[in-house]
Amino acid sequence: MSTKVIHALYDDDDVLLSAVKEIRSAKHHIEEVYTPFPVHGLDKALGLEDTRIAIMAFIYGCIGLAVAIAMMNFIMIEDWPQNIGGKPSFSYLENMPAFVPIMFEMTVFFAAHLMVITFYMRSKLWPFKKAENPNPLTTDDKFLVEIELHDNEKELKALLKKSGAIDISIVEKQE
Amino acid sequence: MMYTFSNRLRNLAIAFMAIGFLGLVYGFFTAPKTIEEAKAIVAASAHGDEHGASHDDASAEALHDTTDAHATDASHGPHAAEQEGHEMSHDEHVFHQLSNKPWAALYVAAFFFFMIALGTLAFYAIQRAAQAGWSPVLYRVMEGITAYLLPGGLIVIAILILSSMHFNHLFIWMDPEVVAHDKLIAGKTGFLNTPFFLIRAFIFLTGWTLYRYFSRKFSLAQDDSKDISNHKKNFRISAGFLVFYIVTESMMSWDWIMSIDPHWFSTLFGWYVFASMFVSGITTIALITIYLKSKGYLEFVNDSHIHDLGKFMFAISIFWTYLWFSQFMLIWYSNIPEEVTYFITRIEDYNLPFFGMVAMNFIFPLLILMNSDYKRVNYFIIMAGIVILLGHYMDVFNMIMPSAVGDQWFIGAAEIGGFLFFLGLFIFIVFTEITKAPLLAKGDPYMGESERFHY
Numbered sequence: 001m002s003t004k005v006i007h008a009l010y011d012d013d014d015v016l017l018s019a020v021k022e023i024r025s026a027k028h029h030i031e032e033v034y035t036p037f038p039v040h041g042l043d044k045a046l047g048l049e050d051t052r053i054a055i056m057a058f059i060y061g062c063i064g065l066a067v068a069i070a071m072m073n074f075i076m077i078e079d080w081p082q083n084i085g086g087k088p089s090f091s092y093l094e095n096m097p098a099f100v101p102i103m104f105e106m107t108v109f110f111a112a113h114l115m116v117i118t119f120y121m122r123s124k125l126w127p128f129k130k131a132e133n134p135n136p137l138t139t140d141d142k143f144l145v146e147i148e149l150h151d152n153e154k155e156l157k158a159l160l161k162k163s164g165a166i167d168i169s170i171v172e173k174q175e
Numbered sequence: 001m002m003y004t005f006s007n008r009l010r011n012l013a014i015a016f017m018a019i020g021f022l023g024l025v026y027g028f029f030t031a032p033k034t035i036e037e038a039k040a041i042v043a044a045s046a047h048g049d050e051h052g053a054s055h056d057d058a059s060a061e062a063l064h065d066t067t068d069a070h071a072t073d074a075s076h077g078p079h080a081a082e083q084e085g086h087e088m089s090h091d092e093h094v095f096h097q098l099s100n101k102p103w104a105a106l107y108v109a110a111f112f113f114f115m116i117a118l119g120t121l122a123f124y125a126i127q128r129a130a131q132a133g134w135s136p137v138l139y140r141v142m143e144g145i146t147a148y149l150l151p152g153g154l155i156v157i158a159i160l161i162l163s164s165m166h167f168n169h170l171f172i173w174m175d176p177e178v179v180a181h182d183k184l185i186a187g188k189t190g191f192l193n194t195p196f197f198l199i200r201a202f203i204f205l206t207g208w209t210l211y212r213y214f215s216r217k218f219s220l221a222q223d224d225s226k227d228i229s230n231h232k233k234n235f236r237i238s239a240g241f242l243v244f245y246i247v248t249e250s251m252m253s254w255d256w257i258m259s260i261d262p263h264w265f266s267t268l269f270g271w272y273v274f275a276s277m278f279v280s281g282i283t284t285i286a287l288i289t290i291y292l293k294s295k296g297y298l299e300f301v302n303d304s305h306i307h308d309l310g311k312f313m314f315a316i317s318i319f320w321t322y323l324w325f326s327q328f329m330l331i332w333y334s335n336i337p338e339e340v341t342y343f344i345t346r347i348e349d350y351n352l353p354f355f356g357m358v359a360m361n362f363i364f365p366l367l368i369l370m371n372s373d374y375k376r377v378n379y380f381i382i383m384a385g386i387v388i389l390l391g392h393y394m395d396v397f398n399m400i401m402p403s404a405v406g407d408q409w410f411i412g413a414a415e416i417g418g419f420l421f422f423l424g425l426f427i428f429i430v431f432t433e434i435t436k437a438p439l440l441a442k443g444d445p446y447m448g449e450s451e452r453f454h455y
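Chains as they are written, first to last, in this note's numbering: chain A, 1 to 175; chain B, 1 to 455.
None of these hints come from the bench; they were simulated from the model. All C-beta atoms, glycine included, are put in the ideal place defined by N, C-alpha and C. Don't take each hint at face value.
[Unchecked claim] No more than 30 angstroms apart at the CA atoms, straight line, and that leaves these computed lysine-lysine pairs for DSS-like:
#1 B:Lys311 / A:Lys21
#2 A:Lys44 / B:Lys293
#3 A:Lys162 / A:Lys87
#4 A:Lys44 / B:Lys311
[Said to hold, decoys possible] Partial chain B-side listing against chain A, Cβ under 10 angstroms, derived:
#5 Phe325
#6 Asn371
#7 Ser372
#8 His454
#9 Tyr455
If we strip away everything but chain A, and leave its shape as in the complex, we get (with noise of 0.2 angstroms):
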């Protein structure tokens, strides 16, 4: 099944900002827009659902936090008590002071990385996967916003043209 998309290019990220609210009010759906960096605000004037991975990242962190606490009570006190400064290192607690700056990077440790790798798994990104940008430009300096067409052709090219689009084409897009 392929269905007709028209894209729209800018050239501005406050133009593109501005056009996103117009098109939204005229009550078109954008499908998607593609950009060279992340635009600030653009999220809220598509009106996309707010991220959650903010309560990921403050799971992760709580995970690394934990194999922090057991790694160092197996490493240091369960499995070779070490006797390092005099500090006693039969007790878990009497020594956390020392452990305090592993728990920290584990905790970012964990946070980072499994954000990252969540984020990547949402995005549907892994290696050799064919780009879906429809555009290269928008790899570069352009910004391009993807809207389905209902037969409302002329309508959307005119409001798109208003909005500060510097290219408007219609493409077919197979699926």
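Starting from the known structure of chain A, arrange chain B on it as the hints suggest.
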């Protein structure tokens, strides 16, 4: 739009001052005047403890009494005379601690509120020097808070002068008798001597006050000015002030706080005190802004400004904890007697305030302010802010009390009175200053950006 100081708030401030003053007077009045009185106070509290224990088991008390009697008998041995001598010096020590207590309570509260004004001044100077676009709507609130700098600083210096005149024993290195018997302090007299100490204090306060005076002047002049020359002048003096500030703030923290423990030193102490005053200042800006907004002023301040202040409260709370822990861990790990005694007294005698402070200054704001949306809810900012401010009062308390009064601390009339008195004075001076100028610094070139600021 001009702010009018409501009668209710003014009366509240005056009531705080009056109650606080009574508490302080009571604290000073009940402090022991002689060693005998000090002994009586300690005996009374010890008796109270024993009484409480006797409720559990009457027979245990009887047993306890006999052991006590044996202990007393034993002390009449050959070392009795030596024991007596030790007892005397111990009693004298406790007497000094107890007579220090109201002074220390006064000093902790005076320094805490002064530190809020100084921290706010640093935050203000950073906004000016960075030419921040988001914060100009808050300039008048910050300028109001920094009005407390001069009176608050003069009160702190007055207490320092009274200490140097031996009205109290907060700074033991000021006592020539102590220095004569103490090699470590004697080696520091080149820096730690009373005249140089007071000269430094005046230099610090003069520099801070001059910056505050001129930046306020230029800020007001900018309101009706046609060009931005005043803004540029403010930018220049702010950058200069920040250099002066970070050096003098650090020295101030050695002088006014660290020298209470003249044997102990920590190289990051200046940063530690800075983090404490910075987060207290930012929190106070947020609380006063939200208060003024709730009274219908500052209509140009939106959620995003509060959100940014909340981010700063969150971030600097974590920064404070980082420094608190860094200072603790290095000293704990190396375990050098003259260093580690600082934390041993705090953990043994001040366990609850010492670790309670970490809960209030770190864990609570961390959990409450972590969520982005909560930073836009005034209720959460107020709740976190009050806990942070009380937590940093405890921080100052923990920095000063252990060396001043040892294990003889409690939160009594003098502590609460001192806090309320300076709280009242702070509210009175700050809100009086806020009435003196329009709440919108309308001539600021970044005002438009600040008013449109959104996250």
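How the hints compare with the structure:
1. B:Lys311 / A:Lys21: 29 angstroms, holds
2. A:Lys44 / B:Lys293: 26 angstroms, holds
3. A:Lys162 / A:Lys87: Violated, at roughly 73 angstroms.
4. A:Lys44 / B:Lys311: 20 angstroms, holds
5. Phe325: 6 angstroms, holds
6. Asn371: Where the cut-off is 10 angstroms and the nearest Cβ of chain A is about 8 angstroms from Asn371 (chain B), the hint holds.
7. Ser372: 7 angstroms, holds
8. His454: 8 angstroms, holds
9. Tyr455: 9 angstroms, holds
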